[in-house]
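Chemist: Line by line, the protein sequences are chains W and F.
Numbered according to this note's numbering, the first sequence spans residues 1 to 223.
Numbered according to this note's numbering, the second sequence spans residues 1001 to 1114.
Please keep in mind that the hints were generated in silico from the structure rather than gathered at the bench.
Warning: the hint list may mix true and false statements.
Ranges between beta-carbon positions, derived for each pair [said to hold, decoys possible]:
hint : chain 1 : residue 1 : chain 2 : residue 2 : range
1    : W       : 186       : F       : 1088      : 25 to 33 Å
2    : F       : 1074      : W       : 93        : 21 to 29 Å
3    : W       : 138       : F       : 1057      : 40 to 48 Å
4    : F       : 1068      : W       : 164       : 20 to 28 Å
5    : W       : 152       : F       : 1076      : 25 to 33 Å
6    : F       : 1096      : W       : 93        : 43 to 51 Å
7    : W       : 177       : F       : 1075      : 28 to 36 Å
8    : W       : 110       : F       : 1066      : 16 to 24 Å
9    : F       : 1052      : W       : 119       : 31 to 39 Å
Idealized CB from N, CA, C, for every residue including glycine.
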Amino acid sequence: MTAHTDPSDAHSGSPHTDDTHTGDVHDDERLPCGRLLSQVWDDWERGPADTADPHLRTCPHCRRSVRGLDELESAVRDLRDETTDTSAYDTTSLTQRVMDVVRLELRPGRPLSLGEPAEDLWIMESVAARTLRAAAESVSGVRAGSCRLLPLDISDGTGGPVVEVSLALHAPARVPLPELADQVRGRVREAADRELGLAIGAVDIRVTDLIDTTADSQEGETR
Amino acid sequence: MTTGPAPGALTEEIARTVQGVPGVAFLRPGLAGRLRSTLPRAQEGRDRAPTAGVRLSRPGGTERWHVEIHLVALGQVRALDVARAARRSVEEYLLSVFPAEASAHVTVTVTGRV
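Build the full structure now, drawing on both the sequences and the hints.
Modeler: Now the structure itself:
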């Protein structure tokens, strides 16, 4: 963009003798009023046309040419605002799902014994952990974090629990934690038995954070 | 040793048997299977069961088959029940093919739930 000259000076003379705007005349459109389209747009960008140059305010050709530019700018502004709004979308769910898949592919964990030890049936730790995390999150307001399944010594072949569970979670604030932990343990045990058939021993729960659920209560209840 | 299907065909039949077990979503695909799924070769392999989740061997030249199954189970079915049913189906199939042989040793691992 060139330095601004007084519009009244630039356009007062004959357009054909105005050397300031004839450099790229072959690529530029000259309006019926004699002014170059590029200069009209340039003037419009510099400030309110109706105050800078009386001609721009009264000339129908100039007004029509900047109207299109005005519409384009409005559209771009709307689009920019819309783009800004999308940054507020919650991508956590999608990210979580993608990371679950990646984690499962790269780190399936160790195999854990299903059923009786002699049966030689197994389930990968990551698969079991995902089920148990989902069970914990079925308790309103609870967000499950790390879930480790620690194998117990089953060499005696007597049956019984094969793993202990270590589960980290974010708990809702203003909820009694011992009762909440018992509820989570119950859901985890139920899921381990009903969905997996995995015999679990102790369920160690670590509350790593408290969440103010006033904003999250609706989401928690719909889980 | 009793004659029976060639090892490749036997593996394929075991895969087909396991995939027919209620609660089995699919056998764990191998890397080749994952890549092949993106290529237009589905027609070519339509009649063949994917066998990446089946490993068949006779360790040490013994008479007993060892079968390892890796499968993905359906989420609404108990994983243990699916694993047991898969093992039973393989044992029964091998018994039908090799009735005079010792029962196979079958290991089943659930590698996913969907």
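Chemist: Does each hint fit the structure? Answer for all of them.
Modeler: Tested hints:
1. Between residue 186 of chain W and residue 1088 of chain F the beta carbon distance is about 32 Å. The supplied range of 25 to 33 Å therefore holds.
2. About 23 Å separates the C-beta atoms of residue 1074 of chain F and residue 93 of chain W, a value consistent with the hinted range of 21 to 29 Å.
3. Under the hint 40 to 48 Å, the C-beta atoms of residue 138 of chain W and residue 1057 of chain F, about 42 Å apart, fit the expected range.
4. Our hint of 20 to 28 Å for residue 1068 of chain F and residue 164 of chain W holds, since their Cβ atoms are close to 27 Å apart.
5. Taking the beta carbon of each, residue 152 of chain W and residue 1076 of chain F are about 28 Å apart, inside 25 to 33 Å as hinted.
6. The given range of 43 to 51 Å is respected by residue 1096 of chain F and residue 93 of chain W, whose C-beta atoms sit roughly 47 Å from each other.
7. The hint said 28 to 36 Å for the Cβ distance between residue 177 of chain W and residue 1075 of chain F, and at roughly 30 Å that hint holds.
8. A hinted range of 16 to 24 Å for the beta carbons of residue 110 of chain W and residue 1066 of chain F is consistent with their spacing of about 21 Å.
9. Taking 31 to 39 Å as the suggested C-beta distance range, the pair residue 1052 of chain F and residue 119 of chain W does not conform, at roughly 23 Å.
Hint 9 alone, counting from the list given before, is not met by this structure.
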